[in-house]
Amino acid sequence: MENKTSRIALIGFMATGKSTIGPLLAEKLGYVFIDTDAMVEESMGMKISEIFRDLGEEAFREAEHQALKKALAMEKVIISTGGGIILFKRNRQMLKEKAFVVSLTCEPETIFERIQGDQSRPLLRSSDPLKQIKMMMAERQSFYEDCDFQISTEEWTTPECCEKIVSLYKKHEKTDQ
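Everything in the sequence shown is counted per the working numbering, starting at 458 for the first residue and increasing by one.
It should be emphasised that the hints constitute simulated quantities derived from the structure, not laboratory data. Hints may contain errors.
[To be verified] Using 30 Å as the maximum straight-line C-alpha spacing, the simulated DSSO-like pairs for lysine-lysine come out as follows:
| hint | residue 1 | residue 2 |
| --- | --- | --- |
| 1 | 628 | 553 |
| 2 | 621 | 533 |
| 3 | 631 | 526 |
| 4 | 553 | 526 |
| 5 | 553 | 621 |
| 6 | 588 | 533 |
| 7 | 631 | 533 |
| 8 | 504 | 546 |
| 9 | 546 | 526 |
| 10 | 627 | 527 |
| 11 | 591 | 628 |
| 12 | 504 | 627 |
| 13 | 591 | 533 |
| 14 | 504 | 628 |
| 15 | 588 | 527 |
| 16 | 527 | 485 |
| 17 | 546 | 631 |
| 18 | 591 | 631 |
| 19 | 553 | 627 |
| 20 | 485 | 591 |
| 21 | 631 | 504 |
| 22 | 504 | 527 |
| 23 | 485 | 621 |
| 24 | 588 | 485 |
| 25 | 631 | 485 |
[Stated by the list, open to error] Computed Cβ-Cβ distance ranges for the label pairs, DEER-style:
| hint | residue 1 | residue 2 | range |
| --- | --- | --- | --- |
| 26 | 566 | 530 | 35 to 43 Å |
| 27 | 511 | 575 | 13 to 21 Å |
| 28 | 514 | 575 | 27 to 35 Å |
| 29 | 614 | 514 | 12 to 20 Å |
| 30 | 480 | 500 | 33 to 41 Å |
| 31 | 596 | 575 | 29 to 37 Å |
| 32 | 585 | 623 | 24 to 32 Å |
| 33 | 477 | 506 | 30 to 38 Å |
| 34 | 566 | 617 | 15 to 23 Å |
| 35 | 615 | 566 | 29 to 37 Å |
| 36 | 513 | 629 | 31 to 39 Å |
| 37 | 596 | 616 | 13 to 21 Å |
| 38 | 614 | 573 | 36 to 44 Å |
| 39 | 617 | 504 | 31 to 39 Å |
Note that CB positions come from ideal geometry on N, CA and C, so glycine has one too.
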């Protein structure tokens with residue numbers, strides 16, 4: 458079995474803190490921070506909202522899969538994934554096999570507050586974004602729960618979240634070798 462302890466993948470719904478916690482974790486561990494959304498934008502030369510608008514969600518999801526594959530081929534990395542990456546079995550399987558997977562959580566109302574006014578979220582362009590968030594979170598809940606560790610970014614501060622993740626990761630690392 459491949460050693461999956463040289464990678465931490467952060468999963469969770471949008472605005473749960475993956476892009477905030479990820480760089481801090483990378484700094485603490487001396488790892489490289491990788492954001493799959495940024496990889497997709499770079500590889501396609503477009504913003505995610507433009508990819509959705511011009512090429513459709515299917516094209517985005519395929520580019521996202523390729524970005525994840527590339528990120529998981531690296532070592533000593535913290536990978537921040539897009540909120541919907543776990544929708545596809547092939548992505549969930551790769552994550553489970555190749556990374557220590559941490560799911561970041563928070564309440565739908567908190568997510569709504571965090572993203573209000575952010576027009577770059579194509580899946581939330583609806584008449585009732587909070588209702589949309591709740592519906593999408595409910596659909597994805599079981600996927601987010603299937604991880605090595607789950608932590609609330611509401612319950613704990615960013616530094617506390619990092620400490621808890623690092624502590625569990627190091628324990629996991631010792632038992633995985």
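A quick look at each hint next to the structure:
no., hint, result
1, 628 x 553, "holds (17 Å)"
2, 621 x 533, "holds (18 Å)"
3, 631 x 526, "holds (25 Å)"
4, 553 x 526, "holds (12 Å)"
5, 553 x 621, "holds (20 Å)"
6, 588 x 533, "violated (38 Å)"
7, 631 x 533, "holds (15 Å)"
8, 504 x 546, "holds (25 Å)"
9, 546 x 526, "holds (13 Å)"
10, 627 x 527, "holds (24 Å)"
11, 591 x 628, "violated (34 Å)"
12, 504 x 627, "violated (35 Å)"
13, 591 x 533, "violated (34 Å)"
14, 504 x 628, "violated (38 Å)"
15, 588 x 527, "violated (34 Å)"
16, 527 x 485, "holds (23 Å)"
17, 546 x 631, "holds (28 Å)"
18, 591 x 631, "violated (37 Å)"
19, 553 x 627, "holds (17 Å)"
20, 485 x 591, "violated (33 Å)"
21, 631 x 504, "violated (40 Å)"
22, 504 x 527, "holds (19 Å)"
23, 485 x 621, "holds (12 Å)"
24, 588 x 485, "violated (37 Å)"
25, 631 x 485, "holds (18 Å)"
26, 566 x 530: 35 to 43 Å, "holds (38 Å)"
27, 511 x 575: 13 to 21 Å, "holds (19 Å)"
28, 514 x 575: 27 to 35 Å, "violated (18 Å)"
29, 614 x 514: 12 to 20 Å, "violated (34 Å)"
30, 480 x 500: 33 to 41 Å, "violated (21 Å)"
31, 596 x 575: 29 to 37 Å, "violated (21 Å)"
32, 585 x 623: 24 to 32 Å, "violated (38 Å)"
33, 477 x 506: 30 to 38 Å, "violated (20 Å)"
34, 566 x 617: 15 to 23 Å, "holds (21 Å)"
35, 615 x 566: 29 to 37 Å, "violated (19 Å)"
36, 513 x 629: 31 to 39 Å, "holds (38 Å)"
37, 596 x 616: 13 to 21 Å, "violated (31 Å)"
38, 614 x 573: 36 to 44 Å, "violated (22 Å)"
39, 617 x 504: 31 to 39 Å, "holds (32 Å)"
The structure shown violates the earlier hints numbered 6, 11, 12, 13, 14, 15, 18, 20, 21, 24, 28, 29, 30, 31, 32, 33, 35, 37 and 38.
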